[in-house]
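K.L.:
Sequence:
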Amino acid sequence: MDKDFIATLVIDFFVAFGVIIGGTIVGGIGAYLIGKPPLSIMYDLASSLKIWALVAAIGGTFDAISTLERGIFEGTHADIFKTLVMIFAALSGAHSGTVLIQWITQEGVK
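Take 1 as the starting number for the sequence shown in our numbering and just add one per residue.
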């Protein structure tokens, strides 16, 4: 793997992580302003923002799908591998952000 690709993976991870953290914090502020329990709203938002964090991190789903299609039909397996690793890095960032918010809010603990 080259240096640029590893840099892209790190950026994808932190973009997805930032979407989850930022979205839940701003959503929690909004919940507080309208009188709803902010920690409960933050907990729910962390789970529901995962797909949007993934889309934001990989730059839109159309590019990833077209790259996968090109890899399958034109036989460029390196493109398939790179796209799947980028999606995995973004999913890891989104999941890390979700786990952090769930740990901070402690809403799922019974």
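Note that these hints are calculated values from the structure, not bench results.
Keep in mind that the hints are not guaranteed to be accurate.
Pairwise CB distance ranges (calculated) [unchecked claim]:
(1) 30 - 103: 43 to 49 angstroms
(2) 37 - 5: 39 to 45 angstroms
(3) 47 - 4: 31 to 37 angstroms
Lysine-lysine pairs mimicking DSS-like chemistry, simulated, CA-CA at most 30 angstroms apart [claimed, not checked]:
(4) 36 - 3
(5) 3 - 82
(6) 36 - 82
(7) 50 - 36
For every residue, glycine included, the Cβ atom is placed at its ideal position computed from N, Cα and C.
K.L.:
Work down the list of hints and note, for each, if the structure agrees.
P.N.:
Consistency of the hints with the structure:
no., hint, in the structure
1, 30 - 103: 43 to 49 angstroms, "violated (21 angstroms)"
2, 37 - 5: 39 to 45 angstroms, "holds (42 angstroms)"
3, 47 - 4: 31 to 37 angstroms, "holds (32 angstroms)"
4, 36 - 3, "violated (46 angstroms)"
5, 3 - 82, "holds (13 angstroms)"
6, 36 - 82, "violated (42 angstroms)"
7, 50 - 36, "holds (22 angstroms)"
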